[in-house]
Each structure stands twice: as structure tokens, then as C-alpha cells.
Amino acid sequence: MKYGVIVFPGSNCDHDAYHVISKLVGQPVDFVWHKETDLSRYDAVILPGGFSYGDYLRAGALAKFSPVMKAVKAFADEGKFVLGICNGFQILCESGLLPGALIRNQNLNFICKHVRVRVENSNTPFTSEIPAGSILSIPIAHAEGNFICDEAVLTELEENNQIVFRYCDEKGEVTKEANPNGSVSNIAGICNRNRNVLGMMPHPERACEEILGSTDGREIFRSLTNTIERLKRDNR
Amino acid sequence: MKTEFVITDEVVAQHNLTKEEYKQITEILGREPNLTELGIFSVMWSEHCSYKSSKIHLKRLPTNGERVIVPPGENAGVVDIGEGWCIAFKIESHNHPSFIEPFQGAATGVGGILRDVFTMGARPIAAMNSLRFGRLDNPKHGKRNKSIMRGVVAGIAHYGNCFGVPTVGGEVFFDDSYSLNPLVNAFALGIVRKEHIFFGKAAGIGNPVVYVGARTGRDGIHGAIMASAEFDESALKKRPTVQVGDPFLEKLLLEACLEAMRSGAIEGIQDMGAAGLTSSSVEMASRAGTGIELYLDLVPQRETNMTAYEMMLSESQERMLIVAKSGREKEIIEIFNKWELDAVVIGKVIEEKRLKVFHKGILQADLPIEALTENAPKYNRPLIAPKRRSTNIRPKAQAPDDFNEAFITLLSSPNICSRRWVYEQYDHMVRTNTVVLPGADAAVIRIKETRFAVSMSLDGNGKFCAINPRLGAQLTVAEAARNNVCVGAKPIAVTNCLNFASPERPEVMWSFSEVIDGMAEACKFFETPIVSGNVSFYNETEGKGVLPTPIIGMIGLIEDTKKIVTQGFKSEGDLIALLGDVESEIEASEYEQVILKISTEELIDRGKLPSLDLGKEKAIQDACLKLADEMLIKSAHDISEGGLAVALAESCFSSLNRKAVGAEINLPETTTSIESLLFGESPSRIIISFAEENLQKVEETARNFNCPFQIIGKVKGNKLKINVGMKQVISVEIDEIENLWKNALEGYLSAR
Numbered sequence: 001m002k003y004g005v006i007v008f009p010g011s012n013c014d015h016d017a018y019h020v021i022s023k024l025v026g027q028p029v030d031f032v033w034h035k036e037t038d039l040s041r042y043d044a045v046i047l048p049g050g051f052s053y054g055d056y057l058r059a060g061a062l063a064k065f066s067p068v069m070k071a072v073k074a075f076a077d078e079g080k081f082v083l084g085i086c087n088g089f090q091i092l093c094e095s096g097l098l099p100g101a102l103i104r105n106q107n108l109n110f111i112c113k114h115v116r117v118r119v120e121n122s123n124t125p126f127t128s129e130i131p132a133g134s135i136l137s138i139p140i141a142h143a144e145g146n147f148i149c150d151e152a153v154l155t156e157l158e159e160n161n162q163i164v165f166r167y168c169d170e171k172g173e174v175t176k177e178a179n180p181n182g183s184v185s186n187i188a189g190i191c192n193r194n195r196n197v198l199g200m201m202p203h204p205e206r207a208c209e210e211i212l213g214s215t216d217g218r219e220i221f222r223s224l225t226n227t228i229e230r231l232k233r234d235n236r
Numbered sequence: 001m002k003t004e005f006v007i008t009d010e011v012v013a014q015h016n017l018t019k020e021e022y023k024q025i026t027e028i029l030g031r032e033p034n035l036t037e038l039g040i041f042s043v044m045w046s047e048h049c050s051y052k053s054s055k056i057h058l059k060r061l062p063t064n065g066e067r068v069i070v071p072p073g074e075n076a077g078v079v080d081i082g083e084g085w086c087i088a089f090k091i092e093s094h095n096h097p098s099f100i101e102p103f104q105g106a107a108t109g110v111g112g113i114l115r116d117v118f119t120m121g122a123r124p125i126a127a128m129n130s131l132r133f134g135r136l137d138n139p140k141h142g143k144r145n146k147s148i149m150r151g152v153v154a155g156i157a158h159y160g161n162c163f164g165v166p167t168v169g170g171e172v173f174f175d176d177s178y179s180l181n182p183l184v185n186a187f188a189l190g191i192v193r194k195e196h197i198f199f200g201k202a203a204g205i206g207n208p209v210v211y212v213g214a215r216t217g218r219d220g221i222h223g224a225i226m227a228s229a230e231f232d233e234s235a236l237k238k239r240p241t242v243q244v245g246d247p248f249l250e251k252l253l254l255e256a257c258l259e260a261m262r263s264g265a266i267e268g269i270q271d272m273g274a275a276g277l278t279s280s281s282v283e284m285a286s287r288a289g290t291g292i293e294l295y296l297d298l299v300p301q302r303e304t305n306m307t308a309y310e311m312m313l314s315e316s317q318e319r320m321l322i323v324a325k326s327g328r329e330k331e332i333i334e335i336f337n338k339w340e341l342d343a344v345v346i347g348k349v350i351e352e353k354r355l356k357v358f359h360k361g362i363l364q365a366d367l368p369i370e371a372l373t374e375n376a377p378k379y380n381r382p383l384i385a386p387k388r389r390s391t392n393i394r395p396k397a398q399a400p401d402d403f404n405e406a407f408i409t410l411l412s413s414p415n416i417c418s419r420r421w422v423y424e425q426y427d428h429m430v431r432t433n434t435v436v437l438p439g440a441d442a443a444v445i446r447i448k449e450t451r452f453a454v455s456m457s458l459d460g461n462g463k464f465c466a467i468n469p470r471l472g473a474q475l476t477v478a479e480a481a482r483n484n485v486c487v488g489a490k491p492i493a494v495t496n497c498l499n500f501a502s503p504e505r506p507e508v509m510w511s512f513s514e515v516i517d518g519m520a521e522a523c524k525f526f527e528t529p530i531v532s533g534n535v536s537f538y539n540e541t542e543g544k545g546v547l548p549t550p551i552i553g554m555i556g557l558i559e560d561t562k563k564i565v566t567q568g569f570k571s572e573g574d575l576i577a578l579l580g581d582v583e584s585e586i587e588a589s590e591y592e593q594v595i596l597k598i599s600t601e602e603l604i605d606r607g608k609l610p611s612l613d614l615g616k617e618k619a620i621q622d623a624c625l626k627l628a629d630e631m632l633i634k635s636a637h638d639i640s641e642g643g644l645a646v647a648l649a650e651s652c653f654s655s656l657n658r659k660a661v662g663a664e665i666n667l668p669e670t671t672t673s674i675e676s677l678l679f680g681e682s683p684s685r686i687i688i689s690f691a692e693e694n695l696q697k698v699e700e701t702a703r704n705f706n707c708p709f710q711i712i713g714k715v716k717g718n719k720l721k722i723n724v725g726m727k728q729v730i731s732v733e734i735d736e737i738e739n740l741w742k743n744a745l746e747g748y749l750s751a752r
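So the sequences go chain by chain: A and B.
Per this note's numbering, the first sequence runs over residues 1 to 236.
Per this note's numbering, the second sequence runs over residues 1 to 752.
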């Protein structure tokens, strides 16, 4: 098994994701430069947080044109796993790998704090080890995390169980007060129809160690790793 | 050298040089300078670059110690934290630009300090900011103050977040002296292996000088560009003197610089900060005892027809100057090109100790390095202690009978309420090392490669330093050390940023000199040498100066992350105790200002501060550190603004994974007033909590250090109740006051 962490100029959570996979999940992992066009070595790639190409135009708007994104699309089409975190989620939406878009937070400010999300679907490779309804404590850190989509897309997301995480309060209630950025239907993370591409605004890589205040993020990486291992075993 | 341009008295004045200074220049050169040379002299001899008014005083500060690897004089100070790891850190002001253009002014302040740190070879791992604004409800300037504050915070967030360094702490303070003079001091800290530290030295005769990073434009050129026949008409259009920052480019510059440093092809490196190409080349040559030749036609430019004057004085951001090892410049250029950055050889190191600047085949400047640096003017300016009008203060408001009311007002007052609105806009968690989140006495960053963590705090108190500069400075240093001790860290070193009004006013210079002496004494006492820093004078508008505001950036070391202490009470039933005295002095407190409505000017006239006994302070800190080291305490929190009552409330408030808790406190009746007991801000006091079973050990430890110790209560329920003697003076629901405290700042900002 091998993970790849894509590095765009301006990525700044690349080292954090690498640290989690290599030291805490204990799996082999490479940094993958944005000019790379071949991802065949990898079972899963992570698009990390940051400000790819400075994000001066619109978050993720330039990254979608980078050579590696063509490869990421092909990689996803093969059914391999793609996890986009924060800027990675924005890039996935911009590239059309996930529906909807992420616009400026409702209060117009950058927001960095711990929030809670409820796991809405545990039937994905990224949440297979986490019972639906679980409440995870994971930090957010973004200025453009306000998820929007039209009614039709929202209905589709709901009907296909593509909404994976929703912002919630400490009791697990999905309330307006618990929504930090104004996202439609408190959406914090969604997957594609095939369930092999996940985008989420919260940073699970920042919630993998007791000393950082939460280990809930680790469950996501553990689920993905176990899924890949299981698939490898089954294919043998 | 041909002088095409006549240098009149007016031109000299526009360059902020005095007639005497100009005369000195002509004597050094044995001729008149040309305009480019005058420009170079003007920036190198400016207060900002030459420290001409402060140098003779700064010499009195302690700068050496066991851990000091790089003392002041380089781009940042460096201290050894063990196992081969070093910390590079510095604080710098960006006050003037942040007033003119708050967003970009603050943003480029962050950019500049980050470059100072990675120039040393260190990867920046944390940033902080010390901010001071005029009061948001000021009848005349309130609206402006709010917009400055919003702009500054957004600018810091923009730069730090995009660059990918966590902004982990700092301070925000309001006083009307900062109304048209905000203070924006940016701090950065980086980590480097001892053997990989780089210096800003232009060593090795014949070594090529490489320009890397952003292209040079006309932005930030010395405010004094004058009409002259020599200039292209289009160049004269007034450019904003505040530069625009590009954090994305800086992030690339960081990665490229660190990669180039690892290649071994770099001899010396320096960032182009204030006075850009001029100061970087001159300072690097000065440190190495060499000279530099520059060919300006080779400088990457983003505008056309730039003159030598403009290029030498441009302050375009995100640029560095590198002296490469001869023959290895190509390696450096390739690395920068990989990161899609410009890298061009623009000159070489020469033996003759001169700066020689060529442009279009003409020698445009030929100046002795020493005259620009160590032989720049130094002034021993007159010092006169200001006369105090020694008034009898008559409070404008009555002390309320109900202490609950005063307490709640104080908790939600601008200088005491939570800074959540500010720090939530900063990414304070990127790099996953922030183990104590903002809002604590000091921020704590773990060093992943070790078991260590580094703590850091920024502290300043302009009010105290205006009342009594020497004692005020000592109180500031003492509080900085105490803040680090409260998270379980041993204070190890200091960086300082000295914000003052005009040095040409003798009473300002007197307070500067007094502050230096107070700071020197305290830093020697705590064995925390000052390894870097910055002086910012002329912080005044319309003839009104800021309060003398020295900021202390102190760092501490925790040898095992398991021993980090936080300020919140942990479990019901734990004992709460005070290291230090219960009695306190009310003078110069927030209570006097907020509740009794005494103005800062009146406090200054009265001239009274809480007293400080450095020996007792040290005993309390040593006891607290020992208790943290033995893992006997569950919380520690420093008593500062708002006194004991506010500190207790802050320990009750919730934090990540910890619900708010109440406390029942019983204070003994003393000769001091109840207000003083509750809200006095006397130093040398720390509130701790611990499990009851450890009482004996805790008490014994305190006694061993001769540290005053008393049990004052218990963690209990959902209310904070404080009794003095038999009388209950405060009883409040924690949840309620926490909400008020948390949201107050947002309220002040949105109030019309």
C-alpha cells in the first residue's frame, strides 16, 4: 500500500498529512510534485490544505489546471481513492470531481477553531470504521468553506447518501448555531457517487494526536487504510 | 563623479538628513554626493537602519548567556535548546505602514519578520503579534480605530495563513494614545540545526552576488522622491510608500531558500527589508569586512526605466540577496528556477571596502561601507525626566457597592475580554505543533523531532511604562517570565521591540533610557538575555506620542511535552491555591480605569505602580516550575489585568474538551480594601490547582523556595463564588459570564 500527498506550490498542510500517514498510521507515503503525471504507484492520494498557487483568483481555481490534476482525475476514474482536505476539497469541486462549490464564509472572515461534525454515512471507504451518527471533534481553518449547490444537486447528494459529514453541536444536533460558515444543510464533507472521492473542509490530520486535543481524525485515515488492505487481500 | 543634480538644502531635508549630517557626508567623500549616493546615505543613516538615537543605550542590555548562539546584530537571534536544535526568533515593528494602509502594512510586517527568520536557515514554526489600537469607542477616532483594527487583523491573517505558519498568540491592547498611532509588532520563531545556521555575510572576495525572489518595482521607495530633471516624468507619480505583500511568493521563497541552503552553495544570505538592495548589500559587506559591486542593469525589474536611485531604495517585498560560493551560483539559480522564482547574478564581493553601483555603464555610487554602517552618526540625545503634575485623583465614577456588577463590567471591558475574535481569524494550528491554543498565558509549540516544546509570549504595558518607565519595564519582563512559567516552561531568552515617540524630545529619550535600564536589570535577574530586537521611534501624530511601549517577546523551554501546564481548572474538588500574596495594590489597574474612570494621563501624573520584588518574583516562578516539573499541579495561571477575580474566572472558563467549572474561594480579611483584593494587579502571583492528595507535597515545595503559599478555595459547581472573611462579595454563573467575556470584543467592533 502506498499513499501520495500532492504538493502544489502554496500547499501548506502537505507535511501534516505526510506526518500522519508515515508516523501515526504507519504506511508508506510520498510527496507528489504538482508536475507529476503518473500516479500508478499509489493506492490513495491526499490533496492537502493550503493556498495552491496563492489562491488569489478563487480557491482551487488555478490548481485544477495543474498537470497532476489530470492524473488525479484518471486515478479517480480507475476507482482509486482521493481525499481532499480543505483546499483539496476546493480543488476537487473546481475540477468537477465533486459537485457544488465553496464560497466565502458567511461572516467573511477566516475561521480557525475546533468544530464537531456528525458522520452521516459510514458506508464509505473513508468512514467504514466509524458508526453513523458518531460525533467527531476536528478543527476547521478556512475563509472559503461555505458549501453551496443548487436544489437538484442537494437532492441528489441526499438521495445517494453522498453527504458524509455535517456540522453539529456537542449533542450531535445539526443546528444553525453549529454551522460555522453558512454551508447548505450544514455540509462539511461529501463524496462522489462511487464513494472513492471524498472532500471535507475540516482537517482530520490536525486531530490525530492526544496532545493536539483530539484523535478523531485518525479514524478516517484508519478506515481508508483498512479499506485498501481489505481490497488488496480480496484481490489476491 | 559627475553630479548632474544640484543638491539643495531642501533636497537634503526631504531625505530626512540634517545640515550637519550632510556636511559630514561631504567630508567623508571629499566631494558632494550625487542623488543616488545621497539616497543611500539617507536610508543607511535613517533612525530605522542606523539606530543612531538608541545605539548608545542598547549597549546596556544583556545579550550573552550559555544558550546564546547568535546575539543581536544578525537578522534574528539564535539560542540553543539542546540535542543540536536551535531556535531563531525576532520581533519587529510595522507601525507606520499599518497606520497608512492597515491590511498591507500589517501583512508585510509579517512577511518581513518571517524572512528575517528563514534567512538564518530556520524554518518558521510560529508567529505572534503585539497590537495596540486607540479605543474603539473614542468619540473622534473610534470609527477609524475600528477600521485600522479590522484591517490589521485581516492583513496578518492573510499573510500568515497563506504562508502556512501558525499565528499562535500575542496581545491586543487599547489606549487612546494609539489612536492615530497603532502599534503592530510582528514576531516569528523558527527552528534550525546548529550546524545549519546561515549568516548575512558577504565573505569571499570574488564570490558572486545573487538576487532572488520578486522583481523590483517602484513600491516602497523612500517617501522622499523629489521632482528632478533626472527623473522620468512618469516615475514621479506619487506611489504609495506602503508595499504590497505576496505570501504565496514568500512561501516559494522559503522553500527555495531552505533547499538552496542544503545544497551547500550559499556563503551568506540576507533578506531585502527596509532600504532593500542598499541595506542588504551594505550590511552583508560590513559584517564580512569586504565590499560589493552591483550592476543594476541585471536586477530583475517589473517596471521600465527605473533609475539607480529607485532600484537602490525600492522596498519591493519577497526579495533576498545571496552570496554564492564562487562557481556554484548555477546550482542556486537552478533551485530557484524549479520554484519558478527569479535568480540572477547582479554583482560580486570585492576586497576594497566600498559599495560600487553601476548602471548603464556609469558608476552611479561609490561609497565607503564603514561610513554607511559603523561610522554612521550616533547621538547621545538629551534626557529630561518629565514633570509630574502630581494631582489628587478624583475618580469620575463611584465605586459600585455591588462587586458582581463591577466584576462583570471589568470582565467584558476591552482590555480584559477574550481575544477570540482576533485569533480565530489566524490559522493557529497549521503544522500540527500547537499544543497550547491561543488565549493562554503563553503559546506552546512542540518540536516534533524531540520531546521538547517551546513556549512564547508577548507582553507590553505602555501605561505602566508611562507611569514609571524603569519599574514598568521590570514589571513587563517579570510578567513575560511568569507567563512562560505558567505553562511549565523555563524562560530562556528575549527579543524586544521598543516603541516610542520622537527621540528628539528629551522626556521621550529619558523614558527610553529608563526602560533600557529597567529591562537590563530584570533580564539579568531572570537570566534571559536579549538576542534580537528592534527600535521604533517617531510614533506620534499631530504632536501626540504613544505611551512608551516596550514589548518583550520571551521564549521558554519545556523539556518534556508531558509536563505542559494549562490555565483551566480540571476537576471538581481540586484545591485552588495562590503562589504569592493575597494582598494587592489597586494602583494603575484596569479597575481604576474602567470602573473609577480614571484616565491614563491622571495615572501618569500620580506616578504610582504596584511594587515589585524581583527576589520574591523569582521564588514564585521557581516554585511553580518545580511543581510543574514534578507534575503536582493541574493548572497554573498568572494574575495580571483585572486582578485575582478575573484570573479565577479565566481558570473557570471552558476550553477544548473541558467544560466550564465553578469555584468557591475564601479570601482572608486583610487591611487592604476588597477592591484591591479582587481587582488589584500586583505582580508575583500565580493561581494553581491540584488534587487534594498532593497538598502536602505542593506546600512543601513552595516552602522550599520561600514562596508565599495559601489555599484559597476549591473547584466546585457552576458558579464562581468569592468570600472575603465571612462576607460573600461575588457570586456569578460561569456560563453567563463566559459568554459575555467571549463575545464582548465583537460587540465593541460592531457597535455604531
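What the hints contain is simulated information worked out from the structure, not anything from laboratory work.
Check the hints yourself; a few may be wrong.
[To be verified] Lysine to aspartate or glutamate pairs mimicking EDC-like chemistry, simulated, CA-CA at most 20 Å apart:
no., chain 1, residue 1, chain 2, residue 2
1, B, Lys742, A, Glu177
2, A, Lys35, B, Glu334
3, A, Lys113, B, Glu334
[Claimed, not checked] Calculated from the model, a selection of chain A residues having no Cβ within reach of chain B, i.e. all distances over 12 Å:
no., residue
4, Ala141
5, Arg166
6, Asn194
[Claimed, not checked] Looking from chain A toward chain B, a few residues come up when the C-beta cut is under 8 Å (computed):
no., residue
7, His19
8, Pro28
9, Asn109
10, Lys113
The structure presented is a predicted model; accordingly, all values stated were derived computationally and were not measured.
All C-beta atoms, glycine included, are put in the ideal place defined by N, C-alpha and C.
Would you mind confirming whether the straight-line C-alpha gap from A/Lys35 to B/Glu334 stays at or under 20 Å?
-> holds (16 Å)
Do the numbers back the hint for A/Pro28, that is, is its least Cβ distance to chain B under 8 Å?
-> With a closest approach of 19 Å, the A/Pro28 hint is violated.
Hint check: is the beta carbon of A/Asn109 less than 8 Å from a beta carbon of chain B?
-> Hint on A/Asn109: holds, closest Cβ of chain B at ~5 Å, below 8 Å.
Given the hint that A/Lys113 pairs with B/Glu334, test it: the Cα-Cα distance must not exceed 20 Å.
-> violated (40 Å)
Holds or violated: B/Lys742 to A/Glu177, with C-alpha atoms at most 20 Å apart = holds (16 Å)
Hint status (Cβ of A/Lys113 to nearest Cβ of chain B, threshold 8 Å) | Holds - the Cβ of A/Lys113 comes within 8 Å of chain B, reaching about 5 Å at its closest.
Interface exclusion of A/Arg166 relative to chain B, criterion Cβ beyond 12 Å | Check passes; 21 Å lies beyond 12 Å.
With a cut-off of 8 Å, does the beta carbon of A/His19 approach a beta carbon of chain B closely enough for the hint to hold?
-> Hint holds; A/His19 Cβ to chain B Cβ min 7 Å, cut 8 Å.
Holds or violated: is the Cβ of A/Asn194 farther than 12 Å from all Cβ atoms of chain B?
-> Holds: least Cβ distance 30 Å, greater than 12 Å.
Outside-interface status for A/Ala141 - nearest CB in chain B farther than 12 Å = The claim breaks: A/Ala141 does not keep its Cβ more than 12 Å from every Cβ of chain B (closest is about 5 Å).
Figure legend: structure checked against the earlier numbered hints; hints not met, in rising order: 3, 4, 8.
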